[in-house]
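Number of protein chains: 2
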Amino acid sequence: MEPTPTAAEGRTVRVCLSPSLLPHLKIDQAVVVVIDVLRFTTSVAVALDHGVAAIRPTETIEEAGSFAAQGYLTAAERNGQTVAGFNFGNSPYSYMSPELAGARLAVTTTNGTQALHAARAAYQIVTGAFANQAALTRWLVAQGRPVVLLCSGWKHNPNLEDTLFAGAMVLALEAEGYRAKDDASTIARALYQAASQSKRFYITHSSHYQRLIELGLQRDVKYCLRADTHPVVPLLHEGALVDALRLPNPTGA
Amino acid sequence: MEPTPTAAEGRTVRVCLSPSLLPHLKIDQAVVVVIDVLRFTTSVAVALDHGVAAIRPTETIEEAGSFAAQGYLTAAERNGQTVAGFNFGNSPYSYMSPELAGARLAVTTTNGTQALHAARAAYQIVTGAFANQAALTRWLVAQGRPVVLLCSGWKHNPNLEDTLFAGAMVLALEAEGYRAKDDASTIARALYQAASQSKRFYITHSSHYQRLIELGLQRDVKYCLRADTHPVVPLLHEGALVDALRLPNPTGA
Chain U
1 MEPTPTAAEG
11 RTVRVCLSPS
21 LLPHLKIDQA
31 VVVVIDVLRF
41 TTSVAVALDH
51 GVAAIRPTET
61 IEEAGSFAAQ
71 GYLTAAERNG
81 QTVAGFNFGN
91 SPYSYMSPEL
101 AGARLAVTTT
111 NGTQALHAAR
121 AAYQIVTGAF
131 ANQAALTRWL
141 VAQGRPVVLL
151 CSGWKHNPNL
161 EDTLFAGAMV
171 LALEAEGYRA
181 KDDASTIARA
191 LYQAASQSKR
201 FYITHSSHYQ
211 RLIELGLQRD
221 VKYCLRADTH
231 PVVPLLHEGA
241 LVDALRLPNP
251 TGA
Chain L
254 MEPTPTAAEG
264 RTVRVCLSPS
274 LLPHLKIDQA
284 VVVVIDVLRF
294 TTSVAVALDH
304 GVAAIRPTET
314 IEEAGSFAAQ
324 GYLTAAERNG
334 QTVAGFNFGN
344 SPYSYMSPEL
354 AGARLAVTTT
364 NGTQALHAAR
374 AAYQIVTGAF
384 ANQAALTRWL
394 VAQGRPVVLL
404 CSGWKHNPNL
414 EDTLFAGAMV
424 LALEAEGYRA
434 KDDASTIARA
444 LYQAASQSKR
454 FYITHSSHYQ
464 RLIELGLQRD
474 VKYCLRADTH
484 PVVPLLHEGA
494 LVDALRLPNP
504 TGA
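Going down the list, the sequences are from chains U and L. Numbering-wise (my numbering), the first sequence opens with residue 1 and increments by one. Numbering-wise (my numbering), the second sequence opens with residue 254 and increments by one.
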C-alpha cells in the first residue's frame with residue numbers, strides 16, 4: 001500500500017477545466033472527480049442509487065455494444081442523442097426503474113467517458129454531480145487525499161455546468177478545511193458564487209443547455225441541477241463504476 | 254484579399270483559457286488577442302507607447318539572444334526573473350525610457366511568447382492587457398472580425414489575471430454588439446463581474462501574484478492592473494509586434 005499523504009499535502013483541491021489540460025497536473029496521488037453534470041455523471045448516480053451493480057465506461061460505441069454478449073445492458077450517447085441499437089442513451093430518467101437492480105451496464109458518452117479515460121493515471125477516480133454532492137464530499141474528506149475536480153467540458157472546451165459544479169465542490173471542500181491550490185479553483189468558485197442565486201438562469205447561457213433544449217430534454221436538465229438526490233459515490237473499481245459506499249471496505253482502497 | 258465575414262459571423266467573441274485548448278478552436282478567420290497581463294502584454298503596450306519600433310517574440314532564450322548581433326535589444330524572462338546576460342526581463346518599468354524610441358527588441362517569456370506562437374494560424378494576432386483595453390476594443394470593432402481572446406495562463410494552466418482581463422473584454426465587446434459564443438466567455442465574464450469591485454483583492458488569490466510578490470515585484474503588479482494607460486494596438490506584422498495605429502494602413506490588413 002502506498003504511504004498516506006500528510007494532512008497538509010492531502011487536504012488540497014485543484015480544478016481542471018478540460019481533459020486536454022489534465023496532462024499538466026500531477027494526479028498519481030490524487031482522487032480525481034470526473035464531472036459531466038449534463039448528463040453522464042448525474043445518470044451514473046441515479047443508476048447506482050437504483051441498484052445497478054456496475055457501470056463499465058467505454059471509449060467507443062463498438063466497445064460498449066460488445067458487452068451485450070456478456071449480459072450487460074448497453075448505453076451509447078453522441079451529441080446528446082441515443083445511438084441506434086442501444087438500450088439507453090444518457091438520460092437520468094432511463095435509470096429509475098426498479099428492474100435495474102443488480103444489472104451491469106456498459107456506457108459510452110460524448111464527453112464523460114472520455115474524461116474517465118483521461119484520468120486513468122489517478123490514484124482513485126470517482127464521479128460527481130449535483131445529484132451526489134453531499135455524499136461525495138463526505139467520502140472525499142474521509143480519504144484525506146488531494147482532490148482534482150476534472151470537468152469533462154464539451155469536446156475539450158470548458159463548459160458552464162461542469163465548471164459551476166466544480167465551484168460548488170471547491171466551496172464544500174474549503175468548508176471542510178481544504179485549501180484551493182490553483183487559479184482555476186478561484187475561477188470556478190467565482191462562477192458558482194455568481195450563479196448560486198439562480199443556477200438555472202446561468203445554465204441557460206450554456207451552449208450544451210441549448211443543445212439539449214433543442215432535443216426536447218428540458219426535464220433532464222432540470223433533474224441534473226437538483227442537489228443531493230442520490231447519496232452514492234461512484235468509484236472506478238476493477239474497470240467499472242460501483243458505489244463505494246456499498247463496497248466491503250467503503251474507502252474503496 | 255480574403256472575403257470579409259458577414260456582420261453576423263464577424264461580431265462574435267470566444268475565450269480560450271489556455272494555449273493548450275487553442276487547437277480545438279477555428280481561428281483562421283479570427284483576430285486572436287493574446288493576453289498575458291502579468292506582465293508580457295502589459296510591457297509590450299508600454300514599450301510601443303514609448304516608441305519602440307518593433308518587438309520580435311521568440312520561443313527560446315537562444316533565439317532572443319541571437320538578435321543582439323542584428324542591433325536588437327534583448328529581453329528574456331523565465332519564471333518571473335530576468336535571464337542573465339539580457340538587457341531586460343519582463344517589467345513594464347524597463348520600457349519607460351525615452352531612449353527606447355526607434356529601438357527594436359527581441360523578447361522571450363515563460364508564457365506570453367509561447368501563446369503568440371500557438372496562435373500563428375490566426376487571421377491576425379494582437380496583444381491585449383488592461384493597459385491598452387480601450388484602444389484595443391476600438392480597433393477590434395473597426396475590423397469587424399470574429400475575436401478569440403487567448404489567455405496565456407501559467408504553463409498551460411488557466412490563470413486568474415488573464416481570465417479576468419478576458420472577462421473585461423467580453424463585456425466591452427458585448428457593449429459594442431458582439432455575441433459571446435462559448436461557455437468560457439460566460440465563465441470569464443462572471444469572474445470579471447465578481448472581481449470588478451476589487452481587482453487587486455482578487456489578484457492576490459492568483460498563484461502568479463504570489464510568485465511575483467516573492468520576487469519583490471508588487472509595483473509591477475499594480476501597474477499591470479491600471480486600465481488604459483497606453484493607447485496602442487500591438488499587432489503581429491511581418492514577425493514582430495508593431496503598433497497597428499502607426500501603420501500606414503491602420504487596420505494592419
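These are calculated hints, taken from the structure and not from any lab test. The beta carbon of each residue, even a glycine, is placed where N, CA and C say it ideally should be. Be aware that a few hints might be false.
A short, non-exhaustive set of chain L residues, derived as facing chain U with CB atoms under 8 Å [claimed, not checked]:
| # | residue |
| --- | --- |
| 1 | Ile314 |
| 2 | His370 |
| 3 | Ala374 |
| 4 | Ala437 |
| 5 | Thr439 |
| 6 | Ser449 |
| 7 | Gln450 |
| 8 | Ser451 |
| 9 | Thr457 |
If you want the footprint, here are the derived chain U segments under chain L, 3+ residues with CB under 8 Å [stated by the list, open to error]:
| # | region |
| --- | --- |
| 10 | 84–92 |
| 11 | 97–106 |
| 12 | 154–167 |
Against which earlier hints does the structure fall short, listed by number upward? 1, 2, 3, 6, 7, 8, 9, 10 and 11
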